[in-house]
Amino acid sequence: MSNIPSERSLPIEFWNSFSLSIKSLFGHSSEVSKEPFSARKRNQLFRRMLSILLFFGIWQILCMMKFNFWINFSFLPSPIEVSEATVKFFSTNALIHIQSSVIRVLAGYFFATILGVGLGILIGWFQKLEDLVFLPLELLRPIPAVAWIPLAILMFPDAESGMIYITFIGAFFPILISTIKGVEGVDMLLLRVGQCLGAGQWYVFKDIVVPGAMPSIASGLVIGMGNCWFCLVTAEILAGRYGIGYITWESYVTSNYPPIVMGMLMIGLMGSLSSYLVERLIHLLMPWRITKKKTA
Amino acid sequence: MAKLLENNLQSQVKGLVEVENLSVGFRRKGVFTSVLDNVNFTIQPGEFICLLGPSGCGKSTILNTIAGFIKPTGGSVVVDYQRITKPGADRGFVFQQYSLLPWKTTFQNVEFGLKVRGVPKDERKELVDYYLNRVGLSNYRHAFPYQMSGGMQQRASIIRALVNSPSVLLMDEPFAALDAQTRHMMQELLLDIWQDLKSTVVFVTHDIEEAVFLSDHIFVMGVNPGHIKTMVNIDLERPRHVDLMLTPEFMQLNRHVFDLIREETLKSMAFEE
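Sequence order for the protein chains is X and V. 3 is the number of the first residue of the first sequence in our numbering; add one for each residue after it. 12 is the number of the first residue of the second sequence in our numbering; add one for each residue after it.
Honestly, the hints are just simulated from the structure, not real lab data. Be a bit skeptical, because a hint or two may be false.
To be verified - Here are the simulated DSBU-like cross-link-like pairs (lysine-lysine), alpha carbons at most 30 Å apart as the crow flies:
1. 183/X - 40/V
2. 183/X - 136/V
3. 40/V - 82/V
4. 136/V - 115/V
5. 209/V - 126/V
6. 208/X - 40/V
7. 278/V - 97/V
8. 25/V - 40/V
9. 25/V - 209/V
10. 208/X - 82/V
11. 278/V - 208/X
12. 278/V - 40/V
13. 136/V - 240/V
14. 82/V - 126/V
15. 130/X - 183/X
16. 115/V - 132/V
17. 183/X - 97/V
18. 82/V - 25/V
19. 126/V - 136/V
20. 208/X - 136/V
21. 82/V - 183/X
22. 82/V - 132/V
23. 97/V - 25/V
24. 130/X - 209/V
25. 115/V - 40/V
26. 126/V - 208/X
27. 208/X - 132/V
28. 183/X - 126/V
29. 97/V - 130/X
30. 126/V - 97/V
31. 130/X - 40/V
32. 97/V - 132/V
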């Protein structure tokens, strides 16, 4: 490498180091090769903290400047206003709202997992069943949660079950589809292994098909959880009195803007947390998986 | 231990393979391509046969029809007087690719065939432990496949098939993905554990040296369409060890097979001799 940067190499050098720092921000620490392990971890943590600071910092600045060029920040609640609203919220009975939301998500997710994985395995495995249910399912799948609200009100005895239905719908289809794909995509080689060892249908199913489909099912479960929270606000538009989504919606209706952002961020936080928990749980169920994150 | 092995061997004919007028082809876009055309051979119980030939000559296809993975378009495959229509535990298969179930430990993988056929737990343990010991995998019985090298995985695949005492052991280039040193060790090891069971072995390879070292007879195959060109008798004494490969008799046989196969290899690559 010549010491004198040529006309052409300078932009390339710049781009290299820029992309390296962006990548390390998102955790691709293996590409930041020159630092020793503990220093690398420390720097990674530092950068991630910095990203949060930058996020709120830039937002605050744009609000204070009343930035108005294409996107209008003048009426947007600033982080300070949002944190004030958060403090106020937690001084009242915040717990009941959080609790209601969490229960609705968990209930909907639970049913979606049972039905989605169960049905998915059967549909993936039995062609006749797939032929029977495929068309109705494909028809229902693209319908967004919002569109289900009127029907949920009509079909379900009370608002609570209607809301659980909406969160259920959010998680059900990703889980179902990933399970079907997982079962259908089991390696033909491993199926042959089962055959030439004399395994009957039941053992092939239990010991080859289901474990083979697990990675796909796992990704469906993670996506489903995220979707579940996503549908929560929609669901809680139905709600009478409690819930984070309800708080958010009510604040919008009464033109009280800081709690809207607070509600949004809380949903975002709880959504990420639950997805992360699902991922950790899945990891425990599949000890044989080599993931790229394992360090040597 | 010997008693357990003895009890595993049934008293009928074990491993008579009769292939009669076997043809396999497929139709794509209205064009019928013949992979195998009128293949005929008989393998006596306990023989070690190599199918040797250039790529595309259909040797894996013959193996797959004996295994029951593919249905012939013409002719028949008969093992121990039973016509073959589907796979079964009497015909064990060792694949070219690594085929251990990734979510099971070595022990669980090897015992799988026994487990699905209802062999009781302690009997399973004794058999599996014996074979793991034979191939040097005792310390890895609780390891997952991803924690083991290629050679180790293939060793496990071989005993996974052998632990069921199959009448016929079918092997599709099982050592192709291994480095040369490991390959030689595996070839010796295979002969060693085969001696006890004496299953019929049908071994597919494109490696002449391997074929001459391992087999009693080599079926040299030709292409376009796949057929058996010649059968070569390998009269070398058993037990055979790796240093046999340097002896003059071995080299001579090697040369002989090499000449037979050269013509077919060039043909498969569409060169004119």
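Going down the list of hints, with the structure as the test:
{"no.": "1", "hint": "183/X - 40/V", "result": "holds, 28 Å"}
{"no.": "2", "hint": "183/X - 136/V", "result": "violated, 36 Å"}
{"no.": "3", "hint": "40/V - 82/V", "result": "holds, 20 Å"}
{"no.": "4", "hint": "136/V - 115/V", "result": "holds, 15 Å"}
{"no.": "5", "hint": "209/V - 126/V", "result": "holds, 23 Å"}
{"no.": "6", "hint": "208/X - 40/V", "result": "violated, 38 Å"}
{"no.": "7", "hint": "278/V - 97/V", "result": "violated, 33 Å"}
{"no.": "8", "hint": "25/V - 40/V", "result": "violated, 42 Å"}
{"no.": "9", "hint": "25/V - 209/V", "result": "holds, 9 Å"}
{"no.": "10", "hint": "208/X - 82/V", "result": "holds, 27 Å"}
{"no.": "11", "hint": "278/V - 208/X", "result": "violated, 47 Å"}
{"no.": "12", "hint": "278/V - 40/V", "result": "holds, 26 Å"}
{"no.": "13", "hint": "136/V - 240/V", "result": "violated, 45 Å"}
{"no.": "14", "hint": "82/V - 126/V", "result": "holds, 28 Å"}
{"no.": "15", "hint": "130/X - 183/X", "result": "holds, 16 Å"}
{"no.": "16", "hint": "115/V - 132/V", "result": "holds, 17 Å"}
{"no.": "17", "hint": "183/X - 97/V", "result": "holds, 26 Å"}
{"no.": "18", "hint": "82/V - 25/V", "result": "holds, 22 Å"}
{"no.": "19", "hint": "126/V - 136/V", "result": "holds, 10 Å"}
{"no.": "20", "hint": "208/X - 136/V", "result": "holds, 21 Å"}
{"no.": "21", "hint": "82/V - 183/X", "result": "holds, 27 Å"}
{"no.": "22", "hint": "82/V - 132/V", "result": "violated, 35 Å"}
{"no.": "23", "hint": "97/V - 25/V", "result": "holds, 18 Å"}
{"no.": "24", "hint": "130/X - 209/V", "result": "violated, 44 Å"}
{"no.": "25", "hint": "115/V - 40/V", "result": "violated, 41 Å"}
{"no.": "26", "hint": "126/V - 208/X", "result": "holds, 13 Å"}
{"no.": "27", "hint": "208/X - 132/V", "result": "holds, 18 Å"}
{"no.": "28", "hint": "183/X - 126/V", "result": "holds, 28 Å"}
{"no.": "29", "hint": "97/V - 130/X", "result": "holds, 22 Å"}
{"no.": "30", "hint": "126/V - 97/V", "result": "holds, 20 Å"}
{"no.": "31", "hint": "130/X - 40/V", "result": "holds, 27 Å"}
{"no.": "32", "hint": "97/V - 132/V", "result": "holds, 28 Å"}
In summary, the numbered hints that this structure violates are 2, 6, 7, 8, 11, 13, 22, 24 and 25.
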